[in-house]
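There are 2 protein chains.
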Amino acid sequence: MTPIGFVESPLTDRDSAPRQGDEGAPEAVLRFEPSVADGLRDLVPGTDVLVLTWLDRADRDVLVVHPRGDLSRPPTGVFSTRSPDRPNPVGLHRVVIIAIEGLTMRVRDLEALDGTPVLDLKPVLGDER
Amino acid sequence: MTPIGFVESPLTDRDSAPRQGDEGAPEAVLRFEPSVADGLRDLVPGTDVLVLTWLDRADRDVLVVHPRGDLSRPPTGVFSTRSPDRPNPVGLHRVVIIAIEGLTMRVRDLEALDGTPVLDLKPVLGDER
Chain A
1 MTPIGFVESP LTDRDSAPRQ GDEGAPEAVL RFEPSVADGL RDLVPGTDVL
51 VLTWLDRADR DVLVVHPRGD LSRPPTGVFS TRSPDRPNPV GLHRVVIIAI
101 EGLTMRVRDL EALDGTPVLD LKPVLGDER
Chain B
1 MTPIGFVESP LTDRDSAPRQ GDEGAPEAVL RFEPSVADGL RDLVPGTDVL
51 VLTWLDRADR DVLVVHPRGD LSRPPTGVFS TRSPDRPNPV GLHRVVIIAI
101 EGLTMRVRDL EALDGTPVLD LKPVLGDER
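Residue numbers (this note's numbering), protein chains in the order written: chain A, 1 to 129; chain B, 1 to 129.
If you are wondering where the hints come from, they were derived from the structure by calculation, not from laboratory data. If you're wondering where the values come from, they're calculated on a predicted model, not measured in any experiment. Note that CB positions come from ideal geometry on N, CA and C, so glycine has one too. Among the clues, some could well be false.
Where chain A lies over chain B, by a calculated footprint (3+ residues, C-beta under 8 angstroms) [stated by the list, open to error]:
hint	region
1	42-53
2	77-91
3	110-117
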């Protein structure tokens with residue numbers, strides 16, 4: 001795994017970050033590596049895209065969680081949840097592209113923390129290209 | 001990245017595999033590592049789940065492709081496509097769980113090749129748990 005870029009976000013603290021991007025995440029910036037510039041060339045502002053990240057502050061030894069950290073909910077296997085704590089903490093985020101300028105992309109609805117490595121971008125499921 | 005399991009599938013050849021799981025992929029089996037058994041415990045047959053894989057036969061140096069290998073389509077940046085060839089070839093597959101028995105899960109609509117490492121399972125986007 002080689003990051004293709006990194007997240008720049010006002011979110012720096014896991015405890016205060018929203019659990020899903022549509023629950024009040026601020027605008028964020030994706031800053032890409034020059035080596036992947038050609039791969040970005042057809043991305044268009046206004047469209048939705050899936051961002052895959054490496055959740056580098058996750059606990060990879062966790063297999064069972066209380067969903068959304070709510071202790072009143074029964075312990076649940078991580079593969080039935082969106083918990084960042086899991087053996088391979090790959091984050092999957094549906095965001096809206098606000099703007100692209102060179103290697104810098106501004107997005108809405110990204111709950112990843114500042115400094116999170118970006119692994120990949122994909123069209124949303126169901127878009128067949 | 002440590003695989004949590006591997007794909008067992010009659011698909012062994014990239015050229016003959018369907019490009020999306022709902023385009024005629026055969027049933028496949030996910031064989032999980034004993035170390036992640038606790039994480040699987042709440043998965044239920046009949047439900048949809050996202051499977052993340054590591055597409056180990058992909059070409060990681062590719063940044064521009066003809067979508068779906070169709071030379072009549074204009075060259076497109078890989079981050080606007082589902083091409084397996086891309087810098088970090090993480091496969092994202094929506095499958096239906098047919099059955100689970102211990103560490104073995106039978107699924108429908110998985111176009112990944114036999115032997116592909118499995119990285120993660122997640123609820124489908126929009127399912128909030």
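Hints, one by one, checked against the model:
Restraint check on the region 42-53 of chain B versus chain A: 5 residues with Cβ-Cβ distances below 8 angstroms, three needed, restraint holds. Evaluation of the coverage hint for the region 77-91 of chain B: fulfilled, as 10 residues show C-beta separations to chain A shorter than 8 angstroms, against a requirement of three. Counting residues of the region 110-117 of chain B whose C-beta sits closer than 8 angstroms to any C-beta of chain A gives 0, which falls short of three, so the coverage hint is violated.
Violated hint for the displayed structure: number 3, the only one.
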